[in-house]
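> Given next are the chains, with one letter for each unit.
2 protein chains.
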Amino acid sequence: MSADLHVILGDLVSVNHRLTRVAARAARGTESPALWRTLSVLRSTGPIRLGELADLSRVSQPTATKLAGGLVARGWIERTNDPDDARVSLIASTPAGEAALAAWRAELAAALLPYFADLSAGDVETLERAVAILRDRVEATERMAAPHRLAAEPTVTAR
Amino acid sequence: MSADLHVILGDLVSVNHRLTRVAARAARGTESPALWRTLSVLRSTGPIRLGELADLSRVSQPTATKLAGGLVARGWIERTNDPDDARVSLIASTPAGEAALAAWRAELAAALLPYFADLSAGDVETLERAVAILRDRVEATERMAAPHRLAAEPTVTAR
DNA sequence: CCCTATACATAGCCAAGCTATATATCCAGC
DNA sequence: GCTGGATATATAGCTTGGCTATGTATAGGG
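Keeping their order, the protein sequence lines are chains A and B.
My numbering puts the last residue of the first sequence at 234; the count rises by one with no breaks.
My numbering puts the last residue of the second sequence at 234; the count rises by one with no breaks.
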């Protein structure tokens, strides 16, 4: 019998906040989580406009502007103008950004590994499935949260 | 077979950061996560000194001082002097603090519930077990992080 | 052409994190 | 019982990430 989902969700968020601190200290010396989070979103979506990035990252538009500034300064994203709409700024991660993200993930995982090294194979699989579930939910909420144009968008492609 | 534990840990932290944003927006209008996290730690440990609270919360001592100030201002913790050592400040959560924490968890869970309502029973149980695993690891790292020293990586430091 | 809506930028605030340093207390040794 | 180093917390000052409110430029329909 599972406990009430309410309780599980409360515990989930609590343990998340604590794990965030463990990860922050384990991967000290690296850049801030917000930048990695933003890069992660970009990686899963491909090039998008700044407003969409804000929605999908679950931050306000000004916060996305600020984060984008930091990412541009580090050469981790590129901003290009939409030829069809001069107001729009398209954001895409650069190869350097992808590489930096991968390096951060590797460093973080290496730092956390000792704490998780003695997990049983079953526990590892449980974690893996839980990550998949959570990613699915987070991306589902992204879809719910996008009040903008996801439907009638002609999907201006690529370049 | 499960994917490499490195990859799972990287994904775990990534999805955690994203989930944190979802939770922050879902539970809008409430107090900051750091205060709840601190109360959570106190709840699981009972009364402890400020320095211990900093270590267990995985924040620096000055940060713990600041957080404790906010919690005292809200009446959610009490500070008493250690009769045996005048330097020491003992921190304990108040009933009001416990109640506020419980209320926050309930509100947060209610806000997140719609996003998780359609999970299968098996997925719910996976989440529950994952939360238990993570809590166990987080508390294990607390034990590892005994004094001011951060637990070192097993790899040779080459900085 | 205006007029409104949209996309992003700017300004200005606050919280949370850090390092470095100051203050107060304890304790060991003399 | 003084002195000096160690320990517990406080203070100062900075950076980043988050927000709301508002400004500016462009799009697009009367």
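If you're looking for bench data, these hints aren't it; they were derived computationally from the structure.
Please note: incorrect hints may appear among the correct ones.
Note: identical chains are not told apart, hence a pair may lie in one copy or across any two.
[To be verified] Below are the SDA-like pairs computed for lysine to any residue, each with C-alpha atoms no more than 25 Å apart in a straight line:
id, residue 1, residue 2
1, K141, S195
2, K141, R124
3, K141, G197
4, K141, A192
5, K141, A186
6, K141, D157
7, K141, A185
8, K141, D79
9, K141, E200
10, K141, L188
11, K141, V199
12, K141, A78
13, K141, H92
14, K141, Y190
15, K141, A207
> Could you run down the list of hints and mark each one as holding or not?
For each hint, the structure was consulted:
In this homomeric assembly, K141 and S195 never come within 25 Å of each other (Cα to Cα): the closest approach is 42 Å inside a single copy and 39 Å across copies. Within a single copy, K141 and R124 get their C-alpha atoms as close as 14 Å, which meets the 25 Å cut-off; across copies the closest is 38 Å, which misses it. When the C-alpha separation of K141 and G197 is checked against a cutoff of 25 Å, the pair qualifies neither within a copy, at 42 Å, nor between copies, at 41 Å. Taking the shortest alpha-carbon separations for K141 and A192, neither the intra-copy value of 37 Å nor the inter-copy value of 34 Å comes in at or below 25 Å.
In this assembly of identical chains, the alpha carbons of K141 and A186 never lie at most 25 Å apart, being 29 Å within a copy and 28 Å across copies at closest. Taking identical chains as interchangeable, the C-alpha atoms of K141 and D157 lie at most 25 Å apart only when both belong to the same chain, with a minimum of 20 Å there against 45 Å between chains. Neither within a single protomer nor between protomers do K141 and A185 lie at most 25 Å apart by alpha-carbon distance, with minima of 30 Å and 31 Å respectively. Proximity of K141 and D79 under a CA criterion of 25 Å is satisfied in neither setting, with 39 Å inside one chain copy and 34 Å between copies.
Taking the shortest alpha-carbon separations for K141 and E200, neither the intra-copy value of 38 Å nor the inter-copy value of 39 Å comes in at or below 25 Å. Within a single copy, K141 and L188 get their C-alpha atoms no closer than 32 Å, and across copies no closer than 31 Å, so neither meets the 25 Å cut-off. In the homo-oligomer, the alpha carbons of K141 and V199 never lie at most 25 Å apart, since the shortest distance is 37 Å inside one protomer and 37 Å across protomers. With identical chains, the CA atoms of K141 and A78 are never at most 25 Å apart, being 41 Å at best within one copy and 35 Å at best between copies.
Proximity of K141 and H92 under a CA criterion of 25 Å is satisfied in both settings, with 23 Å inside one chain copy and 18 Å between copies. Within a single copy, K141 and Y190 get their C-alpha atoms no closer than 34 Å, and across copies no closer than 28 Å, so neither meets the 25 Å cut-off. Taking the shortest Cα distances, K141 and A207 never come within 25 Å of each other, neither inside one copy (30 Å) nor across copies (36 Å).
Hint compliance for this structure: hints 1, 3, 4, 5, 7, 8, 9, 10, 11, 12, 14 and 15 are broken, all remaining hints hold.
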